[in-house]
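Just so you know, the sequences run in chain order A and B.
Okay, so the first sequence: first residue is 261 according to my numbering, each after it adds one.
Okay, so the second sequence: first residue is 261 according to my numbering, each after it adds one.
Source of the hints: derived by calculation from the structure; they are not laboratory data.
Any given hint could turn out to be false.
Given that identical chains are not distinguished, each listed pair holds provided it fits within a single copy or across any two copies.
To be verified - Derived DSBU-like pairs: lysine-lysine, alpha-carbon spacing no greater than 30 Å straight-line:
#, residue 1, residue 2
1, K501, K395
2, K588, K426
3, K387, K600
4, K501, K485
2 protein chains.
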Amino acid sequence: MTFGSSFLSMLMATHARLLIVLFASMSLSAPALAQADPLPSWNDGAAKTAITAFVEATTRPGPKFVAPEARVATFDQDGTLWVEHPMYTQLIYCLDKVPAVVAKKPELATVEPFKTVLSGDHEAIAKLSMPDLEKILAATLSGMTVDQFDDEVKKWIASAKHPRWKRPYTELAYQPMLELLKYLRANGYKTYIATGGGQDFVRVYAQQAYGIAPEQVVGTAGGIKYGYDKNGQPTLTKEPKLLLNDNDAGKVEGIHLVIGRRPYLTFGNSTGDRQMLEYTAAGDGARLAMLVLHDDATREYAYGPARGLPDSKVGTFTQALYDEAQKKNWVVISMKSDWKRIFAFEP
Amino acid sequence: MTFGSSFLSMLMATHARLLIVLFASMSLSAPALAQADPLPSWNDGAAKTAITAFVEATTRPGPKFVAPEARVATFDQDGTLWVEHPMYTQLIYCLDKVPAVVAKKPELATVEPFKTVLSGDHEAIAKLSMPDLEKILAATLSGMTVDQFDDEVKKWIASAKHPRWKRPYTELAYQPMLELLKYLRANGYKTYIATGGGQDFVRVYAQQAYGIAPEQVVGTAGGIKYGYDKNGQPTLTKEPKLLLNDNDAGKVEGIHLVIGRRPYLTFGNSTGDRQMLEYTAAGDGARLAMLVLHDDATREYAYGPARGLPDSKVGTFTQALYDEAQKKNWVVISMKSDWKRIFAFEP
């Protein structure tokens with residue numbers, strides 16, 4: 261196919277805007293840039309190679325090619341995309357909201373577990389039982405409209421700071437994972453979050469923090485009730501009722517419910533992601549399942565108990581999960597050795 | 261901005277593929293084609309004008325502009341995108357599957373409502389009660405893996421024919437609505453189905469019939485159970501348990517669950533779509549809510565009971581809904597006068 265240059269000149273004169281578009285796509289496809297490392301915060305090694313080899317194999321013509329519309333990648337959030345220690349961010353949000361809840365219902369001030377949370381006694385708070393925590397979740401994550409909830413989370417996430425780094429939680433997204441998300445999207449993969457955290461909570465900041473749109477966030481979801489406010493305007497109210505527990509097998513069920521496709525790539529970091537990895541890996545053709553191992557106490561945290569790392573209730577990565585990963589060729593990402601840089605703010 | 265023609269020649273030589281891309285986008289943006297009617301099966305009138313004026317206002321710079329990522333349009337399926345009379349297609353599927361269910365469980369042959377369905381007595385079948393129908397739905401829509409179900413629906417939808425037109429149901433998609441879906445997508449709108457029908461059922465053929473991907477189908481969803489087959493492979497099994505009843509207020513709740521955004525446009529045709537229209541229209545900025553009125557007994561069906569049309573249990577459009585539409589500026593589409601052509605196969 262050839263085109264006369266006079267025709268091109270005419271084109272240039274009349275379609276300057278299109279040429280700008282052309283140049284934009286050109287700069288993306290120029291060989292020099294295409295060969296630039298899309299994952300500069302990853303050290304060379306098995307993990308990085310597994311990712312780039314997979315993406316190349318599934319996006320170029322060949323036996324492992326995956327049709328663009330089927331390119332789905334799912335990511336756990338806590339401990340996979342951002343820091344989850346010393347406590348899940350959403351749980352900190354819930355504890356932070358307790359004073360506001362008690363201000364509206366003063367009778368709660370003397371009732372457990374609210375009394376303990378108000379005391380500010382960190383040790384006592386850390387010892388709260390699951391039923392107690394559930395009471396706090398129900399009180400702070402339901403009873404308001406989704407619009408009110410969105411506003412509250414938006415304000416909180418813009419101002420709250422992590423106790424160690426004294427930075428907003430959204431700045432504690434892992435830089436290597438942000439590069440990975442962009443790299444996958446640049447290769448036609450739709451990137452989804454599949455989180456045990458609240459779907460409504462994560463949707464508030466996922467676009468800003470990860471470039472992931474609300475409709476691509478699958479998470480634990482409570483009941484939603486349609487109704488009307490005092491002006492007769494429709495409202496959606498968050499109910500203290502669990503609709504989808506997006507953990508363990510629930511992650512796969514949530515993926516089926518919201519996406520309706522089996523992922524080609526899945527990234528997790530704990531036992532709560534096991535079934536999602538298993539389901540992903542069991543698909544036909546090429547599939548990639550990876551787990552982030554937190555083995556870097558200096559730059560982030562070290563916990564397992566896999567590989568003799570300290571045990572943790574938050575983001576547990578058992579030795580059994582590690583052994584299963586080895587057996588099934590799920591790739592374990594060592595934070596310490598695979599990640600050159602953890603956070604964007606690091607020098 | 262200017263470019264030397266020698267540079268362009270070089271470009272032409274080295275980037276032939278990009279030029280093809282350029283030409284492809286050129287033909288899309290060429291003025292002659294842009295002015296071609298994107299909705300040729302719609303007669304000129306208030307309905308067509310409402311659509312084109314809305315799309316222009318929300319996609320061009322101005323006070324009603326909608327950011328591309330927020331452009332969401334939701335469509336009811338039965339009676340809005342395809343024929344729903346004399347009976348919902350999925351219900352016909354369920355009745356058709358009864359012999360296969362009974363073959364596996366012969367004891368059902370003498371038990372109601374299966375006995376009546378097996379009798380083939382159309383009048384008796386039409387009189388089955390809701391609890392009876394629910395037994396048939398449970399028996400034919402659950403108990404199998406999602407993969408088995410997909411296969412069964414795929415086979416059925418490829419071979420089953422509508423009793424009146426003797427054509428596959430997917431050919432009974434309304435041509436004006438197919439044009440509308442394409443027109444909206446060409447203008448950056450994501451098109452979603454929000455159906456009272458089964459989410460898993462509609463997902464099987466939505467891409468083929470409407471160009472709508474599985475992840476853009478919101479529908480009635482049953483419980484899904486993660487488990488393993490006899491070879492230890494992960495399976496998802498459909499359970500006889502209702503998770504989301506995607507009708508009435510449930511449509512809005514389903515939209516929140518799966519999409520997490522309020523639609524800018526919504527299309528329905530019955531009382532089951534009322535809350536979805538109300539919720540859409542209550543959003544800020546420009547919003548468009550429309551209802552298809554089946555007032556064409558000759559080319560399709562006529563039912564209401566709005567406007568004195570015959571009453572119907574399937575796709576009921578009450579006079580109250582019609583009055584509300586008038587009051588709230590929801591646009592009613594008259595199948596008879598607004599649609600030049602109903603089906604693609606018509607001359």
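Hints and how they fare:
Both within a single protomer and between protomers do K501 and K395 lie at most 30 Å apart by alpha-carbon distance, with minima of 12 Å and 27 Å respectively. Taking identical chains as interchangeable, the C-alpha atoms of K588 and K426 are never at most 30 Å apart, the minima being 39 Å within one chain and 50 Å between chains. In this homomeric assembly, K387 and K600 never come within 30 Å of each other (Cα to Cα): the closest approach is 35 Å inside a single copy and 69 Å across copies. For the identical chains of this complex, K501 and K485 are neighbours both inside a copy (10 Å) and across copies (19 Å), given an alpha-carbon limit of 30 Å.
Figure legend: structure checked against the earlier numbered hints; hints not met, in rising order: 2 and 3.
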